[in-house]
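Whenever a hint applies, use it, and build me the whole structure from the sequences.
These protein sequence lines map, in sequence, to chains L and C.
Position 120, counted from 1, in the first sequence is what our numbering calls 322; the numbers after and before it change by one each time, with no gaps.
Position 256, counted from 1, in the second sequence is what our numbering calls 458; the numbers after and before it change by one each time, with no gaps.
Hint data in this document are derived by calculation from the structure and do not stem from the laboratory.
Be careful, since some hints might not be right.
Claimed, not checked - List of simulated lysine to aspartate or glutamate pairs, DMTMM-like, C-alpha gap at most 20 Å: (1) K465(L) with E429(L); (2) K311(L) with E289(C); (3) K237(C) with E248(C); (4) K445(C) with D381(C); (5) K293(L) with E308(C); (6) K465(L) with E490(C).
These numbers come from a predicted model, not from an experiment.
Number of protein chains: 2
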Amino acid sequence: MDNNQVTIHDIAAILKIDSSTVSRALNNSPRVAKKTKDKILKKAAELGYQRNHLASNLRKSKNFTLGVIVPRISRHFFSTAIAGIEETAFKAGYTVIICQSLESFEREKSIVETLLANRVDGVLISISMETKNYDHLLGLKQRNIPYVFFDRHCNINENSNVLIDDFDAAFNATQHLIDQKSTTIAHFAGPQNLEIYKNRFKGYKSALEKNNIVFKEELVFTSSLMENDGKLNVQKMMNLSYKIDGLFCANDVIAIGAIKYLKEINIKIPEDIAIVGFSNESISSVIEPALSTINQPGLEIGVAATELLIAKITNEGEKLKNETIIIKTSLIERKSSLRNS
Amino acid sequence: MDNNQVTIHDIAAILKIDSSTVSRALNNSPRVAKKTKDKILKKAAELGYQRNHLASNLRKSKNFTLGVIVPRISRHFFSTAIAGIEETAFKAGYTVIICQSLESFEREKSIVETLLANRVDGVLISISMETKNYDHLLGLKQRNIPYVFFDRHCNINENSNVLIDDFDAAFNATQHLIDQKSTTIAHFAGPQNLEIYKNRFKGYKSALEKNNIVFKEELVFTSSLMENDGKLNVQKMMNLSYKIDGLFCANDVIAIGAIKYLKEINIKIPEDIAIVGFSNESISSVIEPALSTINQPGLEIGVAATELLIAKITNEGEKLKNETIIIKTSLIERKSSLRNS
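Written out as structure tokens, the structure reads:
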């Protein structure tokens, strides 16, 4: 084994203990028992482990800059999450630079390269709708730059995430439509390569099952959830032989597109079709009828993700610990779904 | 004169011609007459002018990154301007990094430092409400990094700007209120250290004068134009002895705050008070009554500013040319000001 290449992971694998414990022991942390520490130090010496001073130094020459990658800054959820990020970063002395993937995988890739070139200290990322593999994030891992996913994450266990419970929120939204006497409920779903939209779909399906409503594949319309998709989906939906009386949308933007078009063709909301969206865009409380939706606390998510990221940046010994924080959501009931009011 | 320090500006000053002409001549541009070119080359040799190769080389090691500094990404105008910036930058192969000053001069300063450390190729900037001096931009100038102001600029002639005609837009907004039979018109003004708000105030004042309406200092309320300022200003306004029947606001956000509070206290819009805002936020077309406003074409402004910046980055010979591009605005008439409809 080439001495220069012995890592804490090698030591951890040989001793069958966590890399984080090895890291702590080598950093002389009081949180590691004397006995374990001795064992680790002995093995490290034996293998000729040398702390990667170059990496260490690089890590220490901080720029005090955090990179943020979001699909779109103009979405209410992302702009409030960014407000939480800025607030928390500023308090800790970091400047925030924001980049938009605009839902393009290619752009997301080149943004990661730009952030690497700019030697940011850490990255907060919510992936694009097109992102199906995560090789472009390897550069961050290799250079030891911590990153935290928020909202749109990928299904890799070893990452740090700040999320909401999309399944649970979608279940509640659908249950609410059922409580409001909807029996044939359509779902405007998002791209199923993203965990969040997969889980919203699952929550919808599960609420139907729990209420003994037969799930029908034809009532699910998948798109990239833009306003115009709302109109297109309603047109397709109206061509079906089912009498649809409830609609759960995976975001507010497509729900607003649907409402505008349903009004044009004189379908009454909520009498004919009750509608619930997702994310609580600012416009949702002002359109007529106001849109029921899931409140996704962007500010809180931004704060939690930034706190987690800064902890990973500053606490070298802890940086291998990955955790997932779940932030609570709530259903906001407005006119678009309330038949009894 | 130290030879190393002779710049094209020195040559320009001595010969009493434009720096841009000197630059073109030294770059052997066909756009400079043979006679002028000879004169410039002679003087350059005489003074011992040496092209700054270091700066030249630095300029050539491009990152293909543009930095954008805006007060707030959540404002409709800025998010549409950013959309225009992204679109234009992407076509030219640049990645865009966005930073928010959140109206703080301190933050704006540290953002400029961050962008400098990140070696961006150019900067698009719309200054904060607190910004009263521009020393923090000197670092960009010294390192030969071009920058273009959009919307919120500073009153230095030698800069490049993409602006709207704020005076003209404000004049039209106020004239419209007068046409709608308002005779006592208040103005909710923005911070007067910013050129844009100064010009909106001047446009308002000029329209009054043109219509022989006496300008009254007491009817002008200056604030940082947040939604809550709308309520506070209305409260102050209602304590005056004047019967105010028209209101021109320097942005939509404060106008919306005013509308919400006026409705609470049962003042009828537009019957009692006709209102016009500025910028056309998305929410302005949906609130009741819909807000008349100035359409500030963000997308177009973003595109023009980016084209200008990229021209300055890529066209070394032209980079000293500073110009100001004015983008046309229009008045959008909605219910909040239309008394005859």
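Is the Cα-Cα distance between K237(C) and E248(C) 20 Å or less?
-> Within the cut-off at roughly 17 Å; holds.
Does the alpha-carbon distance linking K311(L) and E289(C) stay inside the 20 Å limit?
-> holds (17 Å)
Does the structure keep K293(L) and E308(C) at a Cα separation of 20 Å or less?
-> holds (13 Å)
Can the restraint linking K445(C) and D381(C) be considered satisfied, given a maximum Cα separation of 20 Å?
-> With a Cα-Cα distance of about 18 Å, the restraint between K445(C) and D381(C) holds, given a limit of 20 Å.
Proposed proximity, E429(L) with K465(L) (alpha carbon, max 20 Å) = holds (14 Å)
Given pair status - E490(C), K465(L), alpha carbons within 20 Å = Within the cut-off at roughly 18 Å; holds.
The structure meets every hint from the earlier list without exception.
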